[in-house]
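2 protein chains.
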Amino acid sequence: MPTGACAPGYSEICAVPVEPDARCATIPAMKVATLRDGSPDGRLVVVSRDLRTAAHAESIVSNLRLALESWDRVAPRLATLYDRLNRGGVEDAFVFRAAEVAAPLPRTWQWLDGSAFHSHGDLMERAFKHAPLEGKLTRPLMYQGASDDFTGASQDMPLTSEEDGIDFEAEIAVVVDRVPMGTSAEASLRHVKLVMLANDASLRSLALIEMKTGFGWIHAKPSTSFSPVAVTPDELGPAWHDGRLHRPVHVCWNGKEFGRPDAGAMGFGFHELIAHAAYSRNLSAGTIIGSGTVSNAEYPVVGSACIAERRAIEIAEQGEPLTHYMRFGDRVRIEMFDSSGQSIFGAIDQRVVRADATLLS
Amino acid sequence: MPTGACAPGYSEICAVPVEPDARCATIPAMKVATLRDGSPDGRLVVVSRDLRTAAHAESIVSNLRLALESWDRVAPRLATLYDRLNRGGVEDAFVFRAAEVAAPLPRTWQWLDGSAFHSHGDLMERAFKHAPLEGKLTRPLMYQGASDDFTGASQDMPLTSEEDGIDFEAEIAVVVDRVPMGTSAEASLRHVKLVMLANDASLRSLALIEMKTGFGWIHAKPSTSFSPVAVTPDELGPAWHDGRLHRPVHVCWNGKEFGRPDAGAMGFGFHELIAHAAYSRNLSAGTIIGSGTVSNAEYPVVGSACIAERRAIEIAEQGEPLTHYMRFGDRVRIEMFDSSGQSIFGAIDQRVVRADATLLS
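Chains as they are written, first to last, in the numbering used here: chain B, 61 to 421; chain E, 61 to 421.
To be clear, the hints were calculated from the coordinates, so they are not data collected in a lab.
Don't take each hint at face value.
Because identical chains share one entry, a pair is satisfied inside a single copy or across any pair of copies.
Unchecked claim - Dumping the calculated BS3-like pairs for lysine-lysine here, alpha-carbon to alpha-carbon at most 27 Å: (1) Lys196 / Lys316; (2) Lys316 / Lys189; (3) Lys316 / Lys272; (4) Lys272 / Lys196; (5) Lys272 / Lys189.
Looking at chain B on its own, in the form it has when it is part of the complex (with noise of 0.2 Å):
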């Protein structure tokens, strides 16, 4: 990958300060998807900036979870083939449609998701009268959660009981090639090779009891979903600096606008968490980084992006919850546009639905 010139299609991405003697990798722009195809990594397309049409990547790599194992080597092809998509040079490219497609990654080797937004966890302190969490400031909170069964962006979501408290949490989400461990803030964001959305659903009436015991969360983090395509950091322009995207995310829970804080409001930014992850293991490539629900201090303007973080303002303002979890059939829109009004990642669209009898065999 050339470094130091911009070739068409790339340009140079350092949005945090870099060890003096670091190299400031180049980043192809592109988008990529992953259409199901009945395989558990499905089958790689590169998808045009306006999400419009879509081209098949197969003659380049299987699948995203291999290209990420090669990125150097894969990426400028996968460039390459989206300069072509856009400027119409494709020709057997086909309408891409987000309702054929899996998560950008069906399934990787690491999912780790932060808590890096301060409103979330200040709000929710104060709602459960929990003590400040020492050092939250400098430290940043982290979670393992289930990799190897996303889902796709509108595909349904399958849960056991509408007592289990069903929430949806939209955050951004980071995908690294290999961070070996010990990898400093100031070398991580280099590592970052594309950018989603995600909504990390949750059970809320089974997160409290796991919390308890310090041990982190299995019952209550079922399957995260992703948008439908995932981006370099490139494809964000100035909107993406500090290690954090600086456009607001818009949610929408059955059609009505819940909230749209602005994701750039990160207390730590994407270095960091990477940074955090990588302390005492390394992170193979694949390895997916999440921001946490999305939060900003302003939140009786822009509102949230779960209803748990409604329920804490409602109980902090109000005394008790008022809005009630999500019910089968409720549907849940998050989605980020640029400043021209495209959307960026397309939407994850998506509905929970009650686990059926063949499912829980």
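For this one, chain B is given, so just place chain E on it according to the hints.
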């Protein structure tokens, strides 16, 4: 795979009652290991019962992770090779050396580790003056650890600092095939395809900090190590029943016996741990479920399987911990023997070393 009849190398294992309509699947008897070959998944071999010889299995399947995705088809062929190997009938059999192994699954989709020995939890609560955890006798404790970068039985454990409180934890671990969300405990045991020993290395100084967040452990759980060999439940004979492995695990620290607690004393059986893990998620084939540190109420006689527990006993009995955590250069050895004195899994025997600067770049 035949059911209801025991072909050579097979027998029926139904250690817990299964649902009335569930068939009790036959499980081929065998031992397998993975040799390091520079690839992420290594090279699968079948190992003789006495651990002296091995035979390459690549003509059957390239690695164990893939084998588990098609276990019903692949396992009988591996078992046939195992039978031939034990009878001396494999022409290109070679000497099996534990020094050459990776973990049986060098990387896999999930590593969900329980804490199923009540005496361990009780000792830790007493020492650290924690309030007893509500529901601890009816609800298993479980965390998700990194599963993409396991360590082989004889490989060094590179770690950053002795100040982090480096500890070993001798455990039992099982490997399952695909377990659908909502599978009951009664139906779970037939999903156990392999059994191993584990060293769930822990950084104790970081563990308490992370536990207080409720999010589980990211820093405190570096790469887990597994025994050289994984064995089918059938290999364990009568020692495998009630979803437990009823044999002592022998733990030596720098050549001295540290403990030999009975692994059969689990407060929850593996069937209950698997069902707990699968409450709101599917478990992919190759998921590993751990028992947590083996521990017995008879610790004054049998000792412990981790340093933290010995320190907890010292705090409870003498007011302060007397035993230091591991130093760089220290070795831990973890092994289990059958009733005739034969090592079942081979030994985990590894050294803690300082992660060097090149590793931490």
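Checked hints:
For the homomeric pair Lys196 and Lys316, neither the shortest alpha-carbon distance inside one copy (33 Å) nor that between copies (41 Å) is at most 27 Å. Taking identical chains as interchangeable, the C-alpha atoms of Lys316 and Lys189 are never at most 27 Å apart, the minima being 30 Å within one chain and 48 Å between chains. For a Cα distance limit of 27 Å, the shortest separation of Lys316 from Lys272 qualifies neither inside one copy, at 34 Å, nor across copies, at 37 Å. In this assembly of identical chains, the alpha carbons of Lys272 and Lys196 lie at most 27 Å apart whether taken from the same copy (18 Å) or from different copies (11 Å).
Taking the shortest alpha-carbon separations for Lys272 and Lys189, both the intra-copy value of 14 Å and the inter-copy value of 15 Å come in at or below 27 Å.
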